[in-house]
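> Fit chain B to the known structure of chain A by using the hints.
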Amino acid sequence: MNPFELVSGWFQDPANWSGATGIPSRIAEHLQYSLLAMLIAALIAIPFGLVLGHLNRGEIVVLTIANSIRALPTLGLLTLLVILAGIGLLPPLIALIVLAIPPMLVNTFEGIRNVDRFTVDAARGIGLRGPSILWSVEAPVALPLILLGARLAAIQVISAATIAAYVGLGGLGRYIFDGLGRRDFSQVIGGSVLVALLAIATELFFVTLGAAVVSKGVTRRSKKIFTATGLGIIPGVRRKATT
Amino acid sequence: MFDMNWVMRNADDILGLLRDHLTLSFIPILLGLMLAIPIGVACVRWAWIYPIALAMSTAFFAIPSIALFVFMLPYTGLSQLTAIIPLTLYTVSLLVRNVVDGIRSTDDSVRQAAAAMGYGGIHRLVSVELPIAAPVILGGLRIATVANIGMVAVVSVMGLSSLGDLFVDGTQRFFLTPILVGIVLTTALAVVADLVLVAVQRRLTPWSQAGRNR
Numbered sequence: 075m076n077p078f079e080l081v082s083g084w085f086q087d088p089a090n091w092s093g094a095t096g097i098p099s100r101i102a103e104h105l106q107y108s109l110l111a112m113l114i115a116a117l118i119a120i121p122f123g124l125v126l127g128h129l130n131r132g133e134i135v136v137l138t139i140a141n142s143i144r145a146l147p148t149l150g151l152l153t154l155l156v157i158l159a160g161i162g163l164l165p166p167l168i169a170l171i172v173l174a175i176p177p178m179l180v181n182t183f184e185g186i187r188n189v190d191r192f193t194v195d196a197a198r199g200i201g202l203r204g205p206s207i208l209w210s211v212e213a214p215v216a217l218p219l220i221l222l223g224a225r226l227a228a229i230q231v232i233s234a235a236t237i238a239a240y241v242g243l244g245g246l247g248r249y250i251f252d253g254l255g256r257r258d259f260s261q262v263i264g265g266s267v268l269v270a271l272l273a274i275a276t277e278l279f280f281v282t283l284g285a286a287v288v289s290k291g292v293t294r295r296s297k298k299i300f301t302a303t304g305l306g307i308i309p310g311v312r313r314k315a316t317t
Numbered sequence: 506m507f508d509m510n511w512v513m514r515n516a517d518d519i520l521g522l523l524r525d526h527l528t529l530s531f532i533p534i535l536l537g538l539m540l541a542i543p544i545g546v547a548c549v550r551w552a553w554i555y556p557i558a559l560a561m562s563t564a565f566f567a568i569p570s571i572a573l574f575v576f577m578l579p580y581t582g583l584s585q586l587t588a589i590i591p592l593t594l595y596t597v598s599l600l601v602r603n604v605v606d607g608i609r610s611t612d613d614s615v616r617q618a619a620a621a622m623g624y625g626g627i628h629r630l631v632s633v634e635l636p637i638a639a640p641v642i643l644g645g646l647r648i649a650t651v652a653n654i655g656m657v658a659v660v661s662v663m664g665l666s667s668l669g670d671l672f673v674d675g676t677q678r679f680f681l682t683p684i685l686v687g688i689v690l691t692t693a694l695a696v697v698a699d700l701v702l703v704a705v706q707r708r709l710t711p712w713s714q715a716g717r718n719r
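Protein sequences appear in the order of chains A and B. Residues 75 to 317 in the working numbering are what the first sequence lists, from first letter to last. Residues 506 to 719 in the working numbering are what the second sequence lists, from first letter to last.
It is possible that some hints are incorrect.
[Claimed, not checked] Covered by chain B, per the in silico footprint, the following chain A stretches (three or more residues, Cβ under 8 Å):
{"id": "1", "region": "137-148"}
{"id": "2", "region": "154-163"}
{"id": "3", "region": "228-241"}
Because the hints were derived from the structure by calculation, they are not lab data. For every residue, glycine included, the Cβ atom is placed at its ideal position computed from N, Cα and C.
Extracted from the complex, chain A is given alone in its bound form (with noise of 0.2 Å):
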């Protein structure tokens, strides 16, 4: 039999889909330690990068610690985590939230660092003063990127939720660490059809997302920046903020 139909043998498979072990409630505990990570992640990165970047402050500080978080395998971290703090909700939660921090703080902050000095000078000129620039006219402008940096950070946070499975958690990963200890290979590769199109799913809606909060001003403008920059703001590789 060849892998595709072991595979869709697994998902035709009634008995795959229901309970506390079916695929919607795997998918269901996946989004749940995602949502939270993310959720708690983008609480202390976006502030973070918003006031550092209104301020210009800290550029040393905030590349150093995104790019050592970086090199931090996630793994290794998780594990780690596991023998101090035993088994729980909280270890697999941690690594989540130290892996999605760098990209929405470096992206918050290269974002709102880089608006246009003459739109800043513009907002000062018509009155407007530090917190009311950085609300109504640096963080609109740097949406665009800030959603980016979201958009990855969500990315990596499903792709290593699947390793939440390996210390005695639920989500996705457990049909493919369960496979894989059972040598079942068809569980272990409908687990990662799953993931991969939770993945997928998720850099669809921060697309949709994307077109729906962008200011109609600002998604004209920076349509060039958004491409150029697809996979993040490459630190020690300046680019120009518009073209």
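This is chain B only, laid out in the frame that chain A set:
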């Protein structure tokens, strides 16, 4: 907490894991770079390819690494190819964008000057456009390298050998030392690789340093 004796006793095994980890992260970087340059050049020459390549690389990036490793299992089994093929594809999809951006960043006046001096086709590409693109390409290469070194650790949960074995071992025996050793070595590997690439970049593009001595 930290058992130094364990490290000493297992030093040989740990070095073996380090070597496997190096192999699994660097072969994909080299292969990826070798593939990304011609693809990027093609994207610049025939502009219609670029949106297709971009869409493919974005979709590809959304697929989790563990899922890709698992997809490979029925075909490549527990050989190193199971890790090398997906990581090569990741590297390519990350680098193509940088190759294209880098080549496009060549100033038109520079390109015309090169043409006037008799540089054309491949010759101009190799001796003018690619050197100018080098910092951007190397910037992407740095990200790909750090990302690969982190992703490789995951292959250990499937039974392939890498520094990730230390995490698996530590979890199974509830033993902190191997995990700490694994984290320190993986992170150190990433940092050293990054520094090497920075040095390579300085060497390849001496002119980027020239203006800095104010």
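> All hints, please: hold or fail.
Going down the list of hints, with the structure as the test:
For the region 137-148 of chain A, the assignment as covered by chain B holds, since 7 residues bring a beta-carbon within under 8 Å of that chain's beta-carbons and 3 suffice. Here's how the region 154-163 of chain A fares: 4 of its residues keep a CB closer than 8 Å to some CB of chain B, so the rule of at least three is met and the hint holds. Chain B is given as covering the region 228-241 of chain A, and this holds because 8 residues of the stretch bring a CB closer than 8 Å to a CB of that chain, at least three being needed.
Checked against the numbered hints listed earlier, the structure breaks none of them; every hint is satisfied.
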